[in-house]
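With chain A held as given, fit chains B, C and D onto it using these hints.
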Amino acid sequence: MTEPVLEVRNLQLSFGALRATDGVSLTLCPGEIHALIGPNGAGKSTLIGLIAGTLKPDAGQVRLAGRDVTAADAAVRARAGLARSFQVSAVAADLTVLQNAVLAVQGARGQSFGFFRPALADAALRGAAEAHIARVGLSDRRTIPAGDLAHGERRRLELAMALALAPRAFVLDEPMAGMGPDGAREMTALLDDLRHEAPILLVEHDMDAVFALADRVSVLVSGRIIASGTVAEIRTDPEVRRAYLGEEMLE
Amino acid sequence: MNASKSLLVAAAALAMAGMAQAEPVKVGMITTLSGGGASLGIDTRDGFMLAVKRAGNPDLEVVIEDDQQKPDIAVQIADKMIQSEKVDLLTGIVWSNLAMAVVPAATAQGKFYLSTNAAPSALAGKGCNPNYFSVSYQNDNLHEAAGAYAAKAGITKAFIMAPNYPAGQDSLAGFKRFYEGEVVGEVYTQLGQTDYAGEIAQIRASGADGVFIFLPGGMGISFVKQYADSGVGLQLIGPAFSFDQSIIQAMGDAAVGVLNGANWSPDLDNAANAAFVAGFAEEYGRLPSVYAAYGYDTANLLLSAMGKASVTDADAFRAALREADFDSVRGEFAFNASQHPIQDLYVREVVRDGDILTNRIVGVAIEDRGHAYEDECKM
Amino acid sequence: MRREAILNAAIAIALLAVPLAAQAMGEPFVITLATKVAILALAGVGLNIALGLGGMVSLGHAAFFGIGGYAMAVLAAPVQAYEPLMTWPVEVAGTKSMPIIWLAATLAGGLAALAIGALSLRTSGVYFIMITLAFGQMLYYFAISWPAYGGEDGLSIYVRNGFPGLNTLEPLQFFALCYGVLMVALLFSRVLARSRFGLALAGARQNPLRSAALGIRPYSVKLTAFVISGAITGLAGALFADLNRFVSPAMLSWQTSGEIMVFVILGGVARLFGPVAGAALFILLEHWLGGFSEYWKLFLGLALLGIVLFARGGLIGTIAGREVAHD
Amino acid sequence: MSAMLLIEQVLNGLQYGVMLFLMAAGLTLVFGVMGLINLAHGALFMVGAFACASVAAATGSFWLGLAASLAAAAAAGAIVELTVIRRLYARDHLDQVLATFALILVFSEGTRWLFGSFPLYLDIPPALAGPVTLPGGIDYPLYRLVLIGIGLAIAGGLFWLIGRTRLGIRIRAGEADREMIAALGVDISRLYTIVFALGAALAGLAGALVGALQSVQVGMGEPVLILAFVVIVIGGIGSIKGALVGAILVGLTDTLGRFLLPVLFGAFMPPSQATTVGAALASMLIYILMAGVLVVRPGGLFGRA
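Chains as they are written, first to last, in full-length UniProt numbering: chain A, 1 to 251; chain B, 1 to 379; chain C, 1 to 327; chain D, 1 to 305.
Everything labelled a hint here was simulated from the structure, so no lab data went into it. These figures come from a predicted structure and were not determined experimentally. Don't take each hint at face value.
Derived lysine-lysine pairs resembling DSS-like cross-links, with alpha carbons at most 30 Å apart [what the hints assert, rightly or not]:
(1) Lys378/B x Lys176/B
(2) Lys26/B x Lys126/B
(3) Lys53/B x Lys308/B
(4) Lys308/B x Lys96/C
(5) Lys86/B x Lys26/B
(6) Lys378/B x Lys308/B
(7) Lys126/B x Lys86/B
(8) Lys378/B x Lys96/C
(9) Lys241/D x Lys56/A
Some chain B residues flagged as far from chain D (calculated, every beta-carbon gap over 10 Å) [as the list claims (entries may be wrong)]:
(10) Lys126
(11) Asp327
(12) Ala334
(13) Asp353
Glycine is no exception: its CB is placed at the ideal position from the N, C-alpha and C atoms.
Just chain A, with the same shape it has in the complex (with noise of 0.2 Å):
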């Protein structure tokens, strides 16, 4: 086995009383998408934030690429290659899909800071940004503003602003949410096609989803990993049974 892009360690992270991240353990190998799944309220958003760098954990260690990373804030680590989407849509609504892109690709450059020259005049960075729309489909769209879009198409602009990141791993916080069926498969076929750009961390409800895409799988329930392995060994797990489909039944 390759060494992981992606490492979590021991991550502890309490609310008060709550345990919200209880010593969650976690790796992301090259090439492979690993999806993250458990019940509402299992702490999935609190791991993610944990991994994205915009919470601080108690304990425990983030690594990307060899590098131990628990201490950068969120802009480092994105810098690093570590490209995230969110679970509500977040994109800059009053800017086009272009300006959104070149928002990304900026960013992942650190060129944030120049104050004279349009950005959109910028034949490299203006390059770039087209080149990750074409490659999510929103070309004829780019003139848009981003909050006029398609809930679909505005998920698609998100992960082609995370592709800006020439990223090393993404962590996609349910992408597929919202979506209808057609708009589900296609973004199923987007991101088996971007796990050859770097590897995934999937958290995702959409089951239909996770058993097509998903190399291994990790069950979170209370802030724990419960179950960890492939698709055939976590359906038959009956911790995972009894754990899920108690909740499910309630639902």
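The following block gives chains B, C and D in isolation, referenced to the frame of chain A:
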């Protein structure tokens, strides 16, 4: 006719027949008519306009604007009056900081300025100007009166207090100039402060036998009410601004017995004053304040000069002003070399007269006082 | 967008035409008013960079405005008193030269914004509003009670400072100078909005979390914008002090902050010419209503209320429509 | 300097803080529940003082005046909420700042129109006038002691109201989730009006109580408003407990700073200079305190951020 920018041309009917120079004079009055300090400006305006109305001189035109107690607004109004309205003379500013913003520039442009109130030391000494007259006093005067009289009133160990700004610092210096007792405590408060419990505790602990305060406007009202309630009970003395007609009603009985240094009082015994106080009460339905008195005197000084010289001849008009040939409500009145008044300074006491509170003179503090900066004025 | 461009051009031309006409008709005071509009608009352009582009609702911009004013006074006062500015460690003379004063005011405003912004930007939203307000008040009280430079009395500079080749005492020439500075600032503001930094600032305003995930630290971007904003407002303060030939703590009061903000919002937040339109409307209202009634501020308040509640997007937004300039 | 004087100054600081609390509580409540920043809160303080002064002058009873101040400020608050504030909840803070700034102008000039430019007279009720001797021999004004008592009682009442009553549960629920409480069938707009009127009444009460001690004049609300901002920033916005702690902290810092700093500087400076410099620094002290708190805790002492 609107209120803040009224063009008042007095009725021609009473025009004096003997007027040699019928050259019209246009006066720009810049004063505070809105915001927290409006009562002072309103009294200034009303006193001034009472004199104008009584004189009925058709050659005198007055333009009035509100400075909102903001220096930058005052400067712009002055620019406007000089550039657009082409006034010959400016007057009316209540506050020293506004005067410092307006007066030097106005006099530099050859306009006369007659001060109805603010008279900062900078304009009395080094910055004195042939076109600048203070009709009211020099800022230190009323503090000096309080200082000179304090020992006579039995204050041998004084606790003195003022806000921490230039006028406050000048006031404590002015008090100490003629005070013969000992200063046992000296405190600067914050400008605009409303709670004086801390200072009152210090007064109580200081071992003083009297307290001098300079706290203009609302600050004085707050202090006097809190001081009365504290039961400290030492004699209070201050300048007239803090215990004037417009303010003491809001202090209530807490103010009764307070001494204050002044150069005018409603009970000052002369014919001009009696006529002024009665006329003001009749016209506006309230007793006049010192600001009204200064406004009234300023207008009468101006009218007297108009009778002697044309404003187009600046030197002659200046000479006419310097003669101060008018019946001041303060009795004897003359200008010194720096064109500030030489006048008697009194001490007044706040008394209850039926339903209202007012001031009564209790003694003369300094006779024929000029001011402390005369030597610095090279004019 | 095109409609807004036409409107902007019309405003720029009108602001230039009015004083020229006033000069021809012998109404110098109108020129003074137009100069005031240009200077206050410049302060608004500064605030608009923080407020409109960066989404930082600062209620403490009077601090930078006042600091700019005092920078002018500190440099110019020693000259009129025939004294050096300082004698230790080296003797430095004061100056009456506008370019040097402008540089000093810009730097002073920027530095103050760096200090205040570094602390205030640790928070956001309503905290940020209150903290900037409180820092402004802190400087205000300091200026009142600190005896050097006049305290509450302020400081008069009897003769307006000079600019090489111009007679600044001539109202029209001083206006031209202020108008020129305003136009340069507007141009800079437009260039800035479209630059890479402008894009990063828009990202940090609309979605700080996303910006961080793209490797752009919102704190640094916003702080930089706040410093630029403070610097421009500081420059406006120096010009304002020169207009009045006077500086006082009143420039630092929170009402000044409120008024600068009113210009920006009246005209239209994040609109290039918003502050110009807002300042012009405010000065017009002030003079028109002021001639009407002693209680003119009551009507000003009602007018403002009406504009906030029913004319969103300010003057420019109402006339030019919703679109925001991004191309 | 004696220990007595120090104790008296601590009492003064406490009393000042408690009064600030009455202002800050309404402000923080309105922000916590409605997410609204209200610059016009100081205007309601002024309304309370003017209502109390005019009713007390007409009837001769301070207590009727006090009741009038509560009623007038609550009514003014409710009217403002119904006509203006209501339209601002969905807006950003910028619009709220501008609209409430405009309200200050309307209230200030409106009051001046009605009552004139001269300060009004309002005095301490005779029953509470004069000093009492405390254990240890300190003469202290009774009225100020009563103010401390009233303030603490109201603080207790507010804790009870928020923590134990149905209205309190709704207020807390409203803070947490606007849609949720609406979905539960609570009339959210009526709740907002009530909360705003409650905040206004507290400000009006503070205005009347303080008005007996200080000058009742137009513009009296703004300095207090800014101090109340400092208080809730220090305490943490939305937290009543934070407002109480912050208010007392600010009250003590300000009073003791004004008293002690000149003494401190007097140790190594000539007296007249020490008083000037000390007073200048004392006026900045609470802002320095605020900056210090923010460096350590950007969300305030009891804030959620």
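Mind listing which of the numbered hints don't hold for this structure, in increasing order? Number 4 only.
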